[in-house]
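Peer 1: Below are the chains, spelled out letter by letter.
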Amino acid sequence: MDDAIIKVNHLAASYRRNTVLHDVSFEIQPGSLTGIVGPNGAGKSTLIKTMLHLHPPLKGSVRFFGLPFKKVKKRIGYVPQRGSVDWEFPTNALDVVTMGLYGQIGWLKNPSNLHKKKAYEALDKMGMANYANRQISQLSGGQQQRVFLARALVQDADLYFMDEPLAGVDAATEVAIMTILKDLKDSGKTVMVVHHDLQTVKGYFDHVLLLNRTVISHGKTNDVYTKENIAKTYGGDLRWMREEQTHVVHSIE
Amino acid sequence: MSYTGWIILTASLVGLTCGLIGVFLILRKMAMMADAISHTVLLGIVIAYLITNELNGPHMLVGALLAGLLTAVLIQWLQTFNIQQDAAIGIVFTTLFAIGVVLIATSVGNAHLDVQHALMGEITFIPFNTITLPLVGNVPQATAMLIIVFFIVLFFILVFYKEWKITSFDPALAASLGIPVLLMHYLFMSLVSLTTVASFDAVGAIMVVAMLITPAASAYLWTDKLSIMLVLSGSFGVISAILGYYLAAWIDTSISGSMAFATGIVFLVSFIFSPTHGLIGKYIKPVKG
Amino acid sequence: MWSILLNSNTQWVMVSTMILGVASGLIGCFAYWKRQSLMSDALAHASLPGVIIAFLIFREKNLFILIIGAAISALIGAFFIQWIRSSTRITEDTAMGMILSIFYGLGIMLLTVANRSAGGNQSGLDSFIYGQAASMVRSDVMTMLILALLVIFVVFAGLKEWKIYLFDPEFAKGQGLSLKGMDTLYTAVLVTTIVIGIQAVGVILMAALLIIPPVSSNYWTNSFKTMLLLSAFFGGMAGIGGTIISAFGSGWPTGPFIVIIASGLFVISLVFGKEKGILINYLYFKKDRKRMTYEKKDGILQSRGAK
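Residue numbers (my numbering), protein chains in the order written: chain F, 11 to 263; chain B, -12 to 276; chain W, 935 to 1241.
Do not take every clue at face value.
To be verified - Beyond 10 Å from chain W on every Cβ pair, some chain B residues (computed): (1) Gln63; (2) Gln128; (3) Lys149.
Stated by the list, open to error - Under the rule of at most 30 Å between Cα atoms (straight-line distance), these lysine-lysine pairs were calculated in the DSSO-like manner: (4) Lys1114(W) with Lys269(B); (5) Lys1220(W) with Lys69(F); (6) Lys17(F) with Lys1220(W); (7) Lys128(F) with Lys149(B); (8) Lys212(B) with Lys119(F); (9) Lys149(B) with Lys84(F); (10) Lys212(B) with Lys135(F); (11) Lys83(F) with Lys128(F); (12) Lys149(B) with Lys126(F); (13) Lys1114(W) with Lys16(B); (14) Lys80(F) with Lys1220(W); (15) Lys195(F) with Lys135(F); (16) Lys128(F) with Lys212(B); (17) Lys212(B) with Lys84(F); (18) Lys16(B) with Lys1210(W); (19) Lys80(F) with Lys199(F); (20) Lys16(B) with Lys84(F); (21) Lys212(B) with Lys127(F); (22) Lys69(F) with Lys84(F); (23) Lys1221(W) with Lys69(F); (24) Lys269(B) with Lys16(B); (25) Lys149(B) with Lys83(F); (26) Lys1210(W) with Lys69(F); (27) Lys1094(W) with Lys1208(W); (28) Lys149(B) with Lys81(F); (29) Lys83(F) with Lys16(B); (30) Lys212(B) with Lys126(F); (31) Lys135(F) with Lys83(F); (32) Lys149(B) with Lys199(F); (33) Lys149(B) with Lys135(F).
Just so you know, these hints were derived from the structure itself, not from any lab.
Think of the CB as a built atom: it goes at the ideal place given N, C-alpha and C, for glycine as much as any other residue.
Excised from the complex, chain F in its bound form (with noise of 0.2 Å):
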């Protein structure tokens, strides 16, 4: 189909002599909202990393609206995994939205009043608004996700990758995530989410992308999430699988 917004192909990625990634293949159609699934160590991340060229493909190529990523990066929103930054860095909140608008804001410039508004109307839409000017440090691990998340929304992109959204967080916030997640796609965004709940894949996503090195099948949630297909994805052993469902959701502290 000509109308996908992203198409990887015969994508490879390796760290140091493991190949991480190996010939993955897929286009994702606009307005939809994928789940990449697999298990530890399937290169989950690794394929959004490489995909936004923040780690170095070994081969293969991808396109974002039949452009390279470097033409594109503007529209293109990114949420890291919540592990990854040093939340003891001293900085509110609103300050960490506002970082989601530098990129427009442009070099030599401070951020105006405008951008604050905007962020804080961001953080206001993921029901933060009472913490905006709270030290990051002092913010519980669901609130730290939704401010991550209200930086991606105020980068008001067409395309968002998230890396594992939903990890440690409290019931309220996955519920105000997934409602966002929806909106987003609702309004017509595109949205590829990492996850790791194999519960929940069928209640949140559309279309799901199994993925364990390679992809092992990609569509609409409905056709493709089946038993064998998580069953191939996890290498088959269904004991070890049912332990994976059960302890997940706690695996990133």
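Add chains B and W to chain F, keeping to what the hints say.
Peer 2: Leaving out everything else, chains B and W in the frame of chain F:
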């Protein structure tokens, strides 16, 4: 200006410049990188001296800048071979430093350069070595160099303030927003090298690490706001420098050593009395969940 | 010129720097696996004030007394680093950098005082900064030898305990090993190795002898025991080589030469190492690339076919 006046001004400039750059050093988790660069800058100065046979400002600055960048590049490069970062730092700086010391001990002989001087700094000699500048008249060379470096550092911090903030806090997001993270890293390393070499005459190679890291770490205990942290760290640097000078005058000992020690005193005070992160604050206000 | 090497004092010094290199190569492996390479640097610097205070109190340059002073001061430094790290938001590397430079500053303050006082200048305390193996007398050599052999003994006596302690502390605990006891023993041997080395290598460069040989040996082997032996071998070679070269020039410091030899061995390992060296990796990469290009051709055909 009086002899003591020049020394105090020079020491304060060291404290101020190091204090500012130090904030980003510790937030970028590069405290030991400063340690590495402060050692390898010695090699840069020795090589600049061997090539030009002169030991003055510009040559030293260029030599030190190149040595600092070489250190940063080598450490980055070694890490691509799966060497832990701290081991990579340890290998690079000890090796380059050893080469520097060997060059001094074997070929430069006892010309102007001696290891002692480079490592300990000799702030008492600074006022004797002056240059004449238009308008202001006679200024000690080291002081003039520090003023220039201070303004360079201040300029880059202010102009790229939000870029430093985002690349320090979340380099992955910064990269995805199109900010050249690696370029900023090397620019930062250049600023650290410049600061280090300009502070060399005053405090020497190892004590400059104290001036770079400790005031910033102390400031980190007092505030949660980056801008305030910068102001505090700069002030702590100046206070340590002046305190160190009078401490040294009082017991008649090495000024650079005393300045390094004084940063420790400022830290100790912060460690005990800071309302949010200090020991007393923790006793009075039990940690809430 | 060779007569210097045949001099019996030089020979003794050579033996002691070799044993020192062996001990540091071994302990360095522990520090490497505990990811504490730079901790040794911080502790080496932190030992300086202790050396000078011990001298100021006892007024004589007896290596054993100075080593005790150095050890106490290094342990206080280690305690501070631990305390700052655990009770504030300050990270370990910042705490190390602070303690390293503040203690060193204090050491220089005291050294200036000691050098001013009568006899201080002749005491050779300066050699503790850059290392001057040649300034060691017979009793110094003996002190160093005995302590280094003790460290080596501790390493080999508990080889398998060290192995599980470093690799999987939780498992070690399950096996009935006291982690606290192992931590204490580890700190003790690390500090001992550092302080016996400062006379020969100096406080600034002592860390190199602990950091470089383990990393070098890592390129040759995947076995813990072989890594220890190789690291010890590299350390010993660096010790001997550095001492020989520095003996050729009068007043040449030993430390920097030892470090340069160690780095030379590192570069050789980095390039030619049998397990992870650049050369072997390059060959792997080339093989990989070959495979990849074939796949790429396939890929292009496939994607054309799809259109």
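Peer 1: Now tell me, hint by hint, if it's right for this structure.
Peer 2: Taking the hints in turn, this is what the structure says about them:
1. Gln63: holds, 15 Å
2. Gln128: holds, 24 Å
3. Lys149: Per Cβ check, lysine 149(B) is outside 10 Å of chain W; nearest 23 Å; holds.
4. Lys1114(W) with Lys269(B): holds, 27 Å
5. Lys1220(W) with Lys69(F): holds, 14 Å
6. Lys17(F) with Lys1220(W): Roughly 28 Å separates the two Cα atoms, so the pair holds.
7. Lys128(F) with Lys149(B): holds, 17 Å
8. Lys212(B) with Lys119(F): It holds: about 20 Å lies between the C-alpha atoms, which stays within 30 Å.
9. Lys149(B) with Lys84(F): holds, 18 Å
10. Lys212(B) with Lys135(F): holds, 25 Å
11. Lys83(F) with Lys128(F): holds, 20 Å
12. Lys149(B) with Lys126(F): holds, 14 Å
13. Lys1114(W) with Lys16(B): holds, 28 Å
14. Lys80(F) with Lys1220(W): holds, 29 Å
15. Lys195(F) with Lys135(F): holds, 16 Å
16. Lys128(F) with Lys212(B): Status holds; Cα separation ~21 Å.
17. Lys212(B) with Lys84(F): holds, 28 Å
18. Lys16(B) with Lys1210(W): Holds. Lysine 16(B) to lysine 1210(W) sits at ~28 Å (cutoff 30 Å).
19. Lys80(F) with Lys199(F): holds, 19 Å
20. Lys16(B) with Lys84(F): holds, 29 Å
21. Lys212(B) with Lys127(F): holds, 19 Å
22. Lys69(F) with Lys84(F): holds, 24 Å
23. Lys1221(W) with Lys69(F): holds, 15 Å
24. Lys269(B) with Lys16(B): The hint holds at about 25 Å.
25. Lys149(B) with Lys83(F): holds, 19 Å
26. Lys1210(W) with Lys69(F): With Cα atoms ~23 Å apart, lysine 1210(W) and lysine 69(F) stay inside 30 Å; holds.
27. Lys1094(W) with Lys1208(W): It holds: about 25 Å lies between the C-alpha atoms, which stays within 30 Å.
28. Lys149(B) with Lys81(F): holds, 23 Å
29. Lys83(F) with Lys16(B): Measuring from Cα to Cα gives roughly 28 Å; hence the hint holds.
30. Lys212(B) with Lys126(F): At roughly 16 Å apart (the allowed maximum being 30 Å), lysine 126(F) and lysine 212(B) satisfy the hint.
31. Lys135(F) with Lys83(F): holds, 24 Å
32. Lys149(B) with Lys199(F): OK: lysine 149(B) and lysine 199(F) at ~28 Å, within 30 Å.
33. Lys149(B) with Lys135(F): holds, 24 Å
Hint compliance for this structure: no hint is broken.
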